[in-house]
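There are 2 protein chains.
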Amino acid sequence: MSVAPQILKAMENSSAIRKAFEAGIKLKKEFGNDNVYDFSLGNPDLEPPVEVKKAMQKFAASDDTGTHGYMPNPGYDFTRAAMAKKVSEEQGVSIEGKNVIMACGAAGGLNAVFKAILAPGDEIIVPSPFFAEYTHYCANHGGVLVPAMTNEDFSINIETIKKALSPKTAAVLINSPNNPTGKIYSKEDIKLLADTLTEHAKKTGRKPYIIADEPYRAIVYGNKTVAPLFPVYDASIVVSSFAKNLSLPGERIGYVAVNSACPEAELLCSAIIFATRVLGYVNAPAFFQRVISETWNAPVDFSSYLLRRNALTKILDDAGIHYAEPEGAFYLFCKVPKSKSGSTDENEFCSHLEKHHILAVPGTGFGKKEWIRLAYCVSEKTIANSAEAFKAAVKTW
Amino acid sequence: MSVAPQILKAMENSSAIRKAFEAGIKLKKEFGNDNVYDFSLGNPDLEPPVEVKKAMQKFAASDDTGTHGYMPNPGYDFTRAAMAKKVSEEQGVSIEGKNVIMACGAAGGLNAVFKAILAPGDEIIVPSPFFAEYTHYCANHGGVLVPAMTNEDFSINIETIKKALSPKTAAVLINSPNNPTGKIYSKEDIKLLADTLTEHAKKTGRKPYIIADEPYRAIVYGNKTVAPLFPVYDASIVVSSFAKNLSLPGERIGYVAVNSACPEAELLCSAIIFATRVLGYVNAPAFFQRVISETWNAPVDFSSYLLRRNALTKILDDAGIHYAEPEGAFYLFCKVPKSKSGSTDENEFCSHLEKHHILAVPGTGFGKKEWIRLAYCVSEKTIANSAEAFKAAVKTW
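Heads up: the protein sequence lines correspond to chains A and B, in order.
If you count the first sequence from 1, position 33 lands on 32 in numbering that gives the first Met the number 0, and the numbers rise without skipping.
If you count the second sequence from 1, position 361 lands on 360 in numbering that gives the first Met the number 0, and the numbers rise without skipping.
Pulled out of the complex, with its shape left as it was, chain A reads as follows:
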């Protein structure tokens, strides 16, 4: 009767994001929603589009039978076909439904992919800063996450990736628009990464996959776009979800799409389907598979995220906090200002902010000390109300 020792250890270093989110729930109970500025979690505060709600009502009222039963593990054929259409449009190359596996969110999809490809001790390279949970997703399946520091503007640094490459490299994982930096990796950098891996494969005989985790693809600012991956690299996989663009993170609905140009596409899909089954996901939730099969391309107005970004960056400017200007997603990655005693410690600064009812996440978990992350997918009111708190926090730091 005990908890496994390696889990105890992992729990100690566990999610600062979730800790802040749960601290926020407590603070809000004590001080009221309006007096807590919770920038901890990427929990979109936009409601799902009306099309999603209509589809929910339609399927809830349907007299069709068997709609809540098991279906084949990769999902309904009609849902997979819809996702194939989505991915084909985004990637500019055609893939079929058989190359899509429905997943319990992008997190479930990534776990299934990692389980499918990682031999014990294999490595996954990730441009750093990176989404903190990747470390766990990789370790779950006997792999090791190898961060490769990006440039100062958080663009891919191909030299650090070259240094990180080894015969153990199973994949390079990219996340663009990036959580936590908001960076979008350029078309040129994606091409350079692809060429570098092709070169590496020639030398070592092992071609790493490129896995693009892109739940934020639709949330971009100005005239930015996310470059397609499939046309430039055959051994490539896209993992995504409807958590962020359709505001459905709690429903756990996402997918994995394998490049049909990948010579091992069929075997790889079988392995991901197998992993989906044995990891106990079994299949993505049936009801939302139906809902998104008809609403995946519902138009969503993300302009409020731009307004929020601009409102929060102005507040940070006024408070004297430096940040990286996000090109997409809804996170602001901020440099910890130097305190009166000379500290730039991210954990101390987050604790200090919490005293002012501001909830932020230390950059440590994202692979970047002396930085913090603010998620601005919160109401404009919360952002506006936080201005004085930020000022006061910096003044007393």
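FYI, nobody ran anything at the bench for these hints, they're computed from the structure.
Identical copies go unnamed one by one, so any copy, or any two together, can satisfy a pair.
The list that follows gives simulated cross-link-like pairs (lysine-lysine, BS3-like), each with its CA atoms no further than 30 Å apart:
#1 Lys8 x Lys167
#2 Lys27 x Lys57
#3 Lys8 x Lys97
Here the structure of chain A is known, so what remains is to put chain B in place on it, guided by the hints.
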């Protein structure tokens, strides 16, 4: 670019259940639904009760905001409280919502529990025959499943369990009513198991958990009941779902409940919550957490399963196939009759049945050669129509 070698190997020995299920889909396309007798998968053909449908419609129409967002990883407080009520009623001892973790089905729950408790090389003992997927769930987290053969009537054989016990034993996993045998483990046997493990703990200093996987608890025949576990053993965990009793297997909604008498209950719950998060489940699907919070105790008439059991056992009697009389669930475990050439091979017999459009699953994966499993959660018409096919199959075997 490749699939991990250990996954390739696992895939080779992969699920006979799913293979039969998918072979069935193909056969039905070719010969029509009425001419294929698909007993492969535990996919309940009863529709969810009307209460579930009403709740779905209510929540789909609701104007509440934020209902599809993230919530704390273990689930909504109101859903956890409802599950605590359910488990308290079933177990006859009181547990609170904080001892419940909502899961993506029982399969997701078991994976989260195994991840939380298994140190590398730890063992989980299971009375055999057992649900075939347990082997994978255990291996996913570095554990080894150790089958302990039951008695001839499939009741627990305490001697085989005693022999299987070692300092590496992290838990004993019981599944009652059992898949594939339909056996319900008696109150006396549960007590004997508890006492045996308490004795083992005194000797070795390590007390194994008892984990009860009981999605079939509600589906019992005659005056049978499933004995509670919590009152007789403190280090105990119940894992369940609404897949079978409310016919919602595709929606992936289940839970884990930890005995509040367990001295490490709080730490264990934290570890299971952590595992739920990092395995990428993140949380059980939000919509069905709401639905089952109000419908978990909807009355369901399982008498049709009894009718089906009786109809199918009569057909097997007539065809001369021996089986174990199920006390619960909806599976018939049948002995392979001896063929004219003297074969009792379960794989050969399943292939032979498939020629007669009968889909069954070989017992191999369940730990029992020379037996096959039939899932009779199918229409009465399918069962009635299969009579001639069974007779013909046995005659030509």
